[in-house]
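Asks: Sequence:
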Amino acid sequence: MEVAIPQPSERLPGIAMAGFGQRVPAPLDIAMVAHPSVTLLVDLNGGEGLVYDAHGRRERGSAVVGLLPGDLRIGSRTTEAGQCLQIRLSPVVAAAVLGAADELVGEVVPLDAVWGRDAGRTEDRLCAATSWDERFAIAADILCRRLEAAPPLDPEIAAAWSRIRAGRGQVRVDGLADEVGWSRKRLWSRFRSRIGLTPKRAAQLVRFDHAARLLAAGEPAARVAAVSGYTDQSHLHREVKAFTGATPTAVARAPWLAIDDVAWPASLAGLPRPCSTFSARDHSHRVGA
1 MEVAIPQPSE
11 RLPGIAMAGF
21 GQRVPAPLDI
31 AMVAHPSVTL
41 LVDLNGGEGL
51 VYDAHGRRER
61 GSAVVGLLPG
71 DLRIGSRTTE
81 AGQCLQIRLS
91 PVVAAAVLGA
101 ADELVGEVVP
111 LDAVWGRDAG
121 RTEDRLCAAT
131 SWDERFAIAA
141 DILCRRLEAA
151 PPLDPEIAAA
161 WSRIRAGRGQ
171 VRVDGLADEV
181 GWSRKRLWSR
191 FRSRIGLTPK
201 RAAQLVRFDH
211 AARLLAAGEP
221 AARVAAVSGY
231 TDQSHLHREV
241 KAFTGATPTA
251 VARAPWLAID
261 DVAWPASLAG
271 LPRPCSTFSA
281 RDHSHRVGA
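Take 1 as the starting number for the sequence shown in full-length UniProt numbering and just add one per residue.
It should be emphasised that the hints constitute simulated quantities derived from the structure, not laboratory data. Warning: the hint list may mix true and false statements.
[Unchecked claim] Simulated restraints on C-beta separations:
{"#": "1", "residue 1": "Ala242", "residue 2": "Ser9", "range": "47 to 53 angstroms"}
{"#": "2", "residue 1": "Gly56", "residue 2": "Arg238", "range": "24 to 30 angstroms"}
{"#": "3", "residue 1": "Arg125", "residue 2": "Pro255", "range": "25 to 31 angstroms"}
{"#": "4", "residue 1": "Ser183", "residue 2": "Ala242", "range": "28 to 34 angstroms"}
{"#": "5", "residue 1": "Ile138", "residue 2": "Thr231", "range": "45 to 51 angstroms"}
{"#": "6", "residue 1": "Arg190", "residue 2": "Gly116", "range": "41 to 47 angstroms"}
{"#": "7", "residue 1": "Ala149", "residue 2": "Ala113", "range": "18 to 24 angstroms"}
{"#": "8", "residue 1": "Asp232", "residue 2": "Arg125", "range": "34 to 40 angstroms"}
{"#": "9", "residue 1": "Glu179", "residue 2": "Asp29", "range": "40 to 46 angstroms"}
{"#": "10", "residue 1": "Thr231", "residue 2": "Pro110", "range": "39 to 45 angstroms"}
Treat the numbers as computed from the prediction; the structure is a model and nothing was measured. Beta carbons: idealized from backbone N, C-alpha and C, even for Gly.
Make the full structure from the sequences, and use the hints.
Replies: Here you go:
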């Protein structure tokens, strides 16, 4: 697997991208781990490279993965080396770029179902690009224009989400309303209507994400529970099981998390470096294994 990442940029806060390509045709079947973002998976093989299996149905082509997608597996065909552009949108950004984030919770839908008629043209432009640099530039330009054209989101909702993320889910959610200057009822209602989760559930997801990455980095479950804000190791076990259906030990070995070491370095700031099977090369901001 080869992974490409764009140069660091502050042009699009709340958006991260990575390109994935198989060097040789090979079976690929990876279970996705819940993450506090809405994910766009853009198939760069004309709708024939990416395969996803969710809710008992098997689909091909580009897709949008909402928060808490459940039992989702991502794969590719074995007859050709596939390529895929993955774009992570914070729920706040997703609400603007896609026009909705709440309707996507627990769902995996084709890209054109939420992107509209521009989905095909976007895919064609990305497929025709001859380098990852060009693809990242195309995607950044399109996302920037969609953000600029979108109506602004309530700053109180954005501030509440930012506070939850900054605290790695360890926040007093009852105090969020006071921090943003809204009543608790108003914040809960507006937050859920735009993000799709209550502030409490959003904090649980962010806390789980932090814990999962510590587990993937090789940290003992007991320590992960202590530093991530869980009551004890049993509490961590229950939460991990609820989000993934797997044990903390299994999540620690998840290939989806192992690749984060190189694909999403910004999300790992301040965390131990995972013991990944992927190695980095210092040229053209491309990494591979």
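Asks: Run every hint past the structure and note whether it holds.
Replies: How the hints compare with the structure:
no. : hint                                  : verdict
1   : Ala242 <-> Ser9: 47 to 53 angstroms   : violated (35 angstroms)
2   : Gly56 <-> Arg238: 24 to 30 angstroms  : holds (25 angstroms)
3   : Arg125 <-> Pro255: 25 to 31 angstroms : holds (30 angstroms)
4   : Ser183 <-> Ala242: 28 to 34 angstroms : holds (29 angstroms)
5   : Ile138 <-> Thr231: 45 to 51 angstroms : holds (47 angstroms)
6   : Arg190 <-> Gly116: 41 to 47 angstroms : violated (25 angstroms)
7   : Ala149 <-> Ala113: 18 to 24 angstroms : holds (19 angstroms)
8   : Asp232 <-> Arg125: 34 to 40 angstroms : violated (51 angstroms)
9   : Glu179 <-> Asp29: 40 to 46 angstroms  : holds (43 angstroms)
10  : Thr231 <-> Pro110: 39 to 45 angstroms : holds (41 angstroms)
Going through the hint list in order, the structure does not satisfy hints 1, 6, 8.
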